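Student: Work out the full structure, taking the sequences as your base and the hints as a guide.
Chains V, Y and P are the protein sequences, given in the same order. Residue numbers 501 to 770, in my numbering, belong to the letters of the first sequence in order. Residue numbers 501 to 770, in my numbering, belong to the letters of the second sequence in order. Residue numbers 501 to 770, in my numbering, belong to the letters of the third sequence in order.
To be clear, the hints were calculated from the coordinates, so they are not data collected in a lab. In this text, all values refer to a predicted model and were calculated from it rather than measured experimentally. Hints are all accurate, no fakes.
One copy or any two copies: either way a pair holds, since identical chains are not told apart in the list.
In silico SDA-like cross-links for lysine to any residue, where the CA-CA straight-line distance does not exceed 25 Å:
| no. | residue 1 | residue 2 |
| --- | --- | --- |
| 1 | K746 | R709 |
| 2 | K535 | P573 |
| 3 | K535 | P721 |
| 4 | K746 | L556 |
| 5 | K757 | G730 |
| 6 | K654 | L544 |
| 7 | K654 | G512 |
| 8 | K757 | D747 |
| 9 | K683 | L556 |
| 10 | K757 | F672 |
| 11 | K535 | D614 |
| 12 | K746 | V720 |
| 13 | K683 | G707 |
| 14 | K755 | A675 |
| 15 | K746 | K757 |
| 16 | K755 | R709 |
| 17 | K654 | W569 |
| 18 | K535 | R618 |
| 19 | K535 | F659 |
| 20 | K746 | P583 |
Residue strings, one per chain:
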Amino acid sequence: MATRTNGIKRAGTPVVAFLSDFGTQDSYVAEVKAKLLGADPRPLVVDITHDVTPHLPAAGAFHLLRAYWHFPPGTIFLAIVDPGVGSSREAIAVEAGPYRFVGPGNGVLRWAVDDAARRAKLPARVRVIEAEGPASATFHGRDLFAPAIVQWLKFPRAFLKRPEGQLGGLPFPEAVVRSGEAKGILLHEDRFGNLVTNIPSSVAVNGGRVEDRSVVLRPVPTYGAIPEGGFGLVAASHGFWEIASKDSSAAGRLKVKLGQGVTLFVDAAH
Amino acid sequence: MATRTNGIKRAGTPVVAFLSDFGTQDSYVAEVKAKLLGADPRPLVVDITHDVTPHLPAAGAFHLLRAYWHFPPGTIFLAIVDPGVGSSREAIAVEAGPYRFVGPGNGVLRWAVDDAARRAKLPARVRVIEAEGPASATFHGRDLFAPAIVQWLKFPRAFLKRPEGQLGGLPFPEAVVRSGEAKGILLHEDRFGNLVTNIPSSVAVNGGRVEDRSVVLRPVPTYGAIPEGGFGLVAASHGFWEIASKDSSAAGRLKVKLGQGVTLFVDAAH
Amino acid sequence: MATRTNGIKRAGTPVVAFLSDFGTQDSYVAEVKAKLLGADPRPLVVDITHDVTPHLPAAGAFHLLRAYWHFPPGTIFLAIVDPGVGSSREAIAVEAGPYRFVGPGNGVLRWAVDDAARRAKLPARVRVIEAEGPASATFHGRDLFAPAIVQWLKFPRAFLKRPEGQLGGLPFPEAVVRSGEAKGILLHEDRFGNLVTNIPSSVAVNGGRVEDRSVVLRPVPTYGAIPEGGFGLVAASHGFWEIASKDSSAAGRLKVKLGQGVTLFVDAAH
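Tutor: Rendered as structure tokens:
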């Protein structure tokens, strides 16, 4: 089977990459996958994470933004962080560049979709989707989003002939880079306690500080180069500057909050 | 390949849905999957959850009951919550309606098997299975259950020609629905702190109370409709009434225990 | 497709078994899998665990040692516990018996590779691998190891024509078994609080003690046979003696540390 979307030819088993705040203690994730098993062609499902901070679409948006572009063209991203399930938010299906997205129109898809559209230099197509049969008011992942993906896989060309919808949420909070400094925020804390900022690692910096904290941060080439007992600024793999500490949690040691301000000192030559 | 079980034709890659209390910190789950990789045909393995409360077959039975019927006909459910491994409990393989089950005969399979048999209006076939070669006394998942599935996939017709076995455990604790009220228990707490009861959401109710707690619960159409700082009764996606609170844990706020009584007020017109 | 490695014929979809300390809260694991999706042939990826104690290669080495030999011949093990990413440690690809391994040369692969080579009675082939294009200094899993596997799957014969490398790390800490006693250490604590020793369960014992603890441990045939409130020595499924307690955490009750000494009393007849 080979299909085309936006001129990108796709062959072989389709891929669904699945992100949610469902956790893995209950059967929510499995019930969604059970519905996808009924698709023809049956997709390969890859979990991104199901441990997104519950009810926080922006946390899901961050994970999706950093992960999506490593997947093959044609991948369908199913991203469900949905505190407003059953309320007035739309359910949407999106095509942006060579990628496809399904989820609630509350912003969880927005940062990745905007990025994919910008890279492709084509506007995203955002469409409203609705349940075909009776859907539970509380579990759209299983009863609306998964069946929509089944339809999309079956009718790859016709599926998007639907009314226009809205991504919802807010745009990515871009850091402000000026001569001399880059002002941003702490965007995310990972499992190791590393603090991810929204300042692109393509900006050359020679130091920095977190708002209301006195420690001066210095850039290091790798985690291994962070001095014992100290901190380092790492140009991390997701494309943003990250604050790390040696073999311990930077977040725990700095006692900071996500959203707190960060200023990095931009190289004069920049 | 197409096979028939109970008159249900199955085609394509077989599916094994896997539930356990093994957790994901150790390699237990992977060792079971490693054995299933040797099957011909090789099945697609979907995890239901591996975070069932350790050593509590009834907790596994709940997850299996709510999840199993969303899977395609022919799915083999491997459910292992097995505090009595190596003791006198039987190891069993079960056919119930279009579904197949493998696990210990301690009740972990019982609620789903009973439900599948009732829906199919056919009694379940429960068979005793035994290890073919030497099995460790402590890891039947890898050494007995997974090899049994390999055999079942290889010999789909002949496999159940074995002595009759027992599901074990207790039947599902049915709620008592009378004119005026439905009496049940708190059956499960999910990751969001929602409290799942055993009272079917098909019973129309206009309120309720948890035993020894004064707060009066009111039904809401969706989680989003729960008032700020309040609680709601939600006819949840798993088919039971659920007690939820707005953006916080109902279990934490009510300070209740699983097994505690719940009374819902049944609509007069019911 | 059928290929040969060390005289072992492999057919069908190749298997990659993936172990790391990345956790499942972030998208690290998914980004590695995204890269593997681009392989031809596309492998089936099975997770061993991603909850290895962060930055502790020996913890990963233990999980890999106990799990690897249950997988089919030809499996490629990707094991990443890599505190020294970006530093001078080598990145390596290894062939040992019918198995293949990819990861950092810091010892995380060593115990499994040594065991596989010993069983095969053939020395392991250890080769240095390097990134083909630009690799982030911080995420070799995605930018170096996964692309190396893509190459290995594409060129199964030619791939290992590279300079010799080093496994790194320390050999498995063998227990000392003498007439009368076996002296070892506490190697690992699992999710149930069971304490895994490095003393092979093939050594017949009639009791034992943990260093600096007074309780005398007695062997039991199964977990179920541990007396109420007591402890038991179990010849566990991974091949080592394990200290367990009835329906509770042996580690929590004994208040011991990993690495602490253990002495088991060897049967006189042994």
